[in-house]
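Number of protein chains: 2
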Amino acid sequence: MQIIPFPDRAEWPRLLARPTQSSAQIEPVVAPILAQVRERGDVALIELAARFDQIDLSATGLAVSADELDAAEAQLSDDLKAAIRQAYQNIRTFHEAQKQPIEKIETMPGVTCWRRSVGIDKVGIYIPGGTAPLFSTVLMLGVPAQLAGCREVVLCSPSNHPAIYFAAKLVGVTKVFRLGGAQAIAAMAYGTESVPQVYKIFGPGNQFVTAAKMLVAKEGTAIDMPAGPSEVAIYADDTAVPAFVAADLLSQAEHGADSQVLLVSTSKKLLSAVNLVLDTQLSRLPRRDLAAKAIGNSKAILVDTSADAVELLNQYAAEHLILSVAEAETVAEQITNAGSIFLGNYTPESAGDYASGTNHTLPTNGFARAYSGVSLDSFVKKITVQSITPQGLQGLGPVVEAMAEAESLDAHKRAVSIRLASLM
Amino acid sequence: MQIIPFPDRAEWPRLLARPTQSSAQIEPVVAPILAQVRERGDVALIELAARFDQIDLSATGLAVSADELDAAEAQLSDDLKAAIRQAYQNIRTFHEAQKQPIEKIETMPGVTCWRRSVGIDKVGIYIPGGTAPLFSTVLMLGVPAQLAGCREVVLCSPSNHPAIYFAAKLVGVTKVFRLGGAQAIAAMAYGTESVPQVYKIFGPGNQFVTAAKMLVAKEGTAIDMPAGPSEVAIYADDTAVPAFVAADLLSQAEHGADSQVLLVSTSKKLLSAVNLVLDTQLSRLPRRDLAAKAIGNSKAILVDTSADAVELLNQYAAEHLILSVAEAETVAEQITNAGSIFLGNYTPESAGDYASGTNHTLPTNGFARAYSGVSLDSFVKKITVQSITPQGLQGLGPVVEAMAEAESLDAHKRAVSIRLASLM
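Chains as they are written, first to last, in our numbering: chain B, 1 to 424; chain C, 1 to 424.
Just so you know, these hints were derived from the structure itself, not from any lab. One or more hints might be untrue.
Since copy identity is lost for identical chains, a pair holds within one copy or between any two.
[Stated by the list, open to error] With a straight-line cut-off of 25 Å between C-alpha atoms, the simulated BS3-like cross-links for lysine-lysine are: (1) Lys104 with Lys382; (2) Lys99 with Lys169; (3) Lys99 with Lys382; (4) Lys268 with Lys81; (5) Lys122 with Lys218; (6) Lys99 with Lys122; (7) Lys218 with Lys293; (8) Lys169 with Lys81; (9) Lys175 with Lys299.
All of these numbers come straight from a predicted model, not from anything done at the bench.
Given the sequences, and given the hints that come with them, work out the whole structure.
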């Protein structure tokens, strides 16, 4: 890992810049796929699966049957099932605590306002195929959907891994389809003969899936958040264990060559020590080629003070931020931009990736400056409700009349005046 | 208003459809404006203001000075200032109650997770020009920004109405610029020599502003929500006062010919009575031409039962929903899709538009199926934090190891294993 000693503040933006991703080339490829699914529904899905995934959906059907979902359980080891159940329970405990009771607020005498949380009626979850069967993401998106009370939870995945099906059953997914790619996003956004239309789509995916999500978002289907390659920043001092830091850097790097890894420290000694163990650990990894590429693109930045480190990290706005420093919780309170923060030597990112209870769907690419990770809130709408008594309107009405008049909105004023007149 | 008696369910989608809005024609006009501002900053803003708004910004400067903001107060009546202050207080009271204390959750022994709310560091508010100076929107967006602790709150408006400046001062806006249209959105999204770049942009606007917001959203600047014409649905029974219902319908209709107005009832008598007073009230409105057009496009739907009405309203997903019915609060509990709900005869929509305390920035165009209105949440990010003790990792670690192994992510597993080994 390249060590960059005391870079000038003017250089920070360049050092912290993510590789730019342009969707300009992808959109023209994805848009016709969306159009085909919108216009021809299931027929288009069958054609596209044959063309892109070499799958014959006309033989199996689009939907995964209840029997297939049930059969998954028998194909998993007891250890893995127990682990998934424990992760499910922890995620559930953390997200359950995000429920907010209704609180009625009397803003003025007789003027009562409150918010009701209502689950989004129909949501979609996309789980990519590929080498890693992301059943953990089924839990991360399915648990809050279940807690929110979403009536229809549709899952699309080109993977038929039994752990995905087992997790889907656990979280109460209502329908599972053998669909992948941009066409799966289109199916959920528009609905087809088989696939129900949903109002919000969640989940990771490749650049085609991401482009499809951005396009349907522009048309009005909500999405979880804009996506980019996964990333971790680690702030470590001499209280950190170099071998742990190296292991955390590698756990991010193995996601792919475009993964972003950033190490910040006030200790040159620590940075050198991490570099040393990094090479050893890297050589033992099955995915070492991938990880080595990501590490090659990554930076270890030496800074003067803890204040500098915090400022730099806030500028970077990491998806995952590990604070392996003394007084980690105090430092965490100074962090204003991050997706999720991991404190101390015994809180690896992978704990949060799988099972501690926090959500692993987090803002990448600096989006943590404005976006939160997925939570129970992502699966509900908060509807405001208000109730005004006649006496309440006598107090509030003149305020509304004066403001509506000043905004030249007469009918707004009259809607109040006609009621006040009736009370005289 | 056209009364549609007992339409078949199959007809509902057609009856409830909003006029489609295509941004296909607008985007090619807006994209070059964005590019100009991104590339040439203030110079482009000055040129565009001269061309589109006939304003010479080189004479006045882009920024509104503190003196100008201070001077606004003297130009407003005491009544209007008192009204704005009362609205400010009510909005503040309601949004203050949305603050959530930090709650630490121990999901397993030694595994502690929580969420920290942090204000988005820099936000932008757009307030359109035009006939109605929307100072109420300054309050609706500025109050939660203030409560969230956003450090920089930038306001762009082509209007120099003193009530806008007065409200801006009240909510603690940090910088005000004389900028309108798509170029104002570009200035806040990209930043220029004068205008700070912000991370999230809020506020209403015409089709050019809306298209600009959608384009910068695709590039990564967060926005409040997709926008469409304002709309109200009213569900009224024989306990409703026809003159109040008519006044509420008109207060929505005066927003413009494209405003959506929908009246639903189980009582033919009520519908006829509303139609009767509607004509009389319409003839007395200054904006009657505009409102008459909107009313002409609107529908009064007669349904069989309250259950039908609720189902139809949930399908419509109105921005504003007035329930002028017996047991309005019970009916409200059955509503799953709406932006904001107004209960009973003395709760007109205009109360919520201005001063009751709820936010008036709400999802239109059916977006209430997946989106909430603006709230304090819209101005904060929720960062998750976790802290695991060595003993906690001994309990949680094996769960993570099993799952990471099943997802073929070895380095994720090793980040845990190396720590567990150190504890043996």
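Practice task
Against the earlier hints, flag every one the structure doesn't satisfy and list their numbers going up.
Solution key: Structure breaks hints 4, 7, 9.
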